[in-house]
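Engineer: Residues in the sequence shown are numbered from 1 upward in steps of one, following full-length UniProt numbering.
Among the hints, a few may not be true.
What the hints assert, rightly or not - Label pairs and their in silico Cβ distance ranges:
| # | residue 1 | residue 2 | range |
| --- | --- | --- | --- |
| 1 | E23 | L115 | 42 to 52 angstroms |
| 2 | D65 | A103 | 48 to 58 angstroms |
| 3 | Y75 | S52 | 35 to 45 angstroms |
| 4 | A102 | D65 | 37 to 47 angstroms |
| 5 | I127 | E61 | 37 to 47 angstroms |
| 6 | A67 | R91 | 38 to 48 angstroms |
| 7 | S14 | K69 | 27 to 37 angstroms |
| 8 | R119 | Q21 | 36 to 46 angstroms |
| 9 | A50 | I127 | 55 to 65 angstroms |
| 10 | S64 | I127 | 33 to 43 angstroms |
Hints are computed from structural coordinates only; laboratory data are not their basis. Using N, Cα and C, we set each Cβ at its ideal position, and we do this for glycine too.
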Amino acid sequence: MQLTLQVTYRIGDSHRSRHYQSEESAKRGIYKWLLKNQQHADISASYFSAASGYQAFQDIEQLSDYAPKPSTNFYLSRAWQDLRYQVLNSREHRCALCHRSAAEHGIAVEVDHILPRSRYPDLALDINNLQILCYECNRGKRDK
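Given these sequences and hints, build the entire structure.
Structural biologist: Now the structure itself:
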């Protein structure tokens, strides 16, 4: 039987509890809950563990190490998303290699870097380094 950690969340006189698999996951959960409920004056989250004893938290500052880290994924960045949208709205949805189109052939198209980001990072957000490819051609192209 796997042991779980029970966290008690309190807002005023109202209580609820939730179970976590580890102290790390409990602290991440508490951070998110405190952030969501920080407008309330009388809040706290607490638990007891054999390793750390009794732990109580009333403010996200106490758990700043458990704040979600910003994404460093290029393809999730606002700059890439905006540029990708611009390319898709300004160009025909036709593969630059095989010339099939989304409308005629029902294929998925993607925005691709002509010169790969891995070798030319300074061109990652250059619209002149982007082309529309179908899924199959983009997978076949790779970093060549």
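Engineer: State for each hint whether it applies.
Structural biologist: To see whether the hints hold, each was checked on the structure:
At about 46 angstroms, the beta-carbon gap between E23 and L115 stays in the expected band of 42 to 52 angstroms. A C-beta distance of roughly 50 angstroms is found between D65 and A103, which places it inside the suggested range of 48 to 58 angstroms. The given range of 35 to 45 angstroms is respected by Y75 and S52, whose C-beta atoms sit roughly 38 angstroms from each other. Against the hinted window of 37 to 47 angstroms, the Cβ-Cβ separation of A102 and D65 comes to about 46 angstroms, which satisfies the hint.
Distance hint for I127 and E61: a CB-CB separation of about 42 angstroms, consistent with the stated range 37 to 47 angstroms. Restraint check, A67 to R91: a C-beta distance of roughly 39 angstroms satisfies the suggested window 38 to 48 angstroms. The supplied range of 27 to 37 angstroms is met by S14 and K69, whose beta-carbon atoms lie about 31 angstroms from each other. Distance hint check for R119 and Q21: the Cβ-Cβ separation is about 42 angstroms, which falls inside the suggested range of 36 to 46 angstroms.
Taking the beta carbon of each, A50 and I127 are about 57 angstroms apart, inside 55 to 65 angstroms as hinted. Separation of S64 from I127 is about 38 angstroms and conforms to the stated range, judged on CB atoms against 33 to 43 angstroms.
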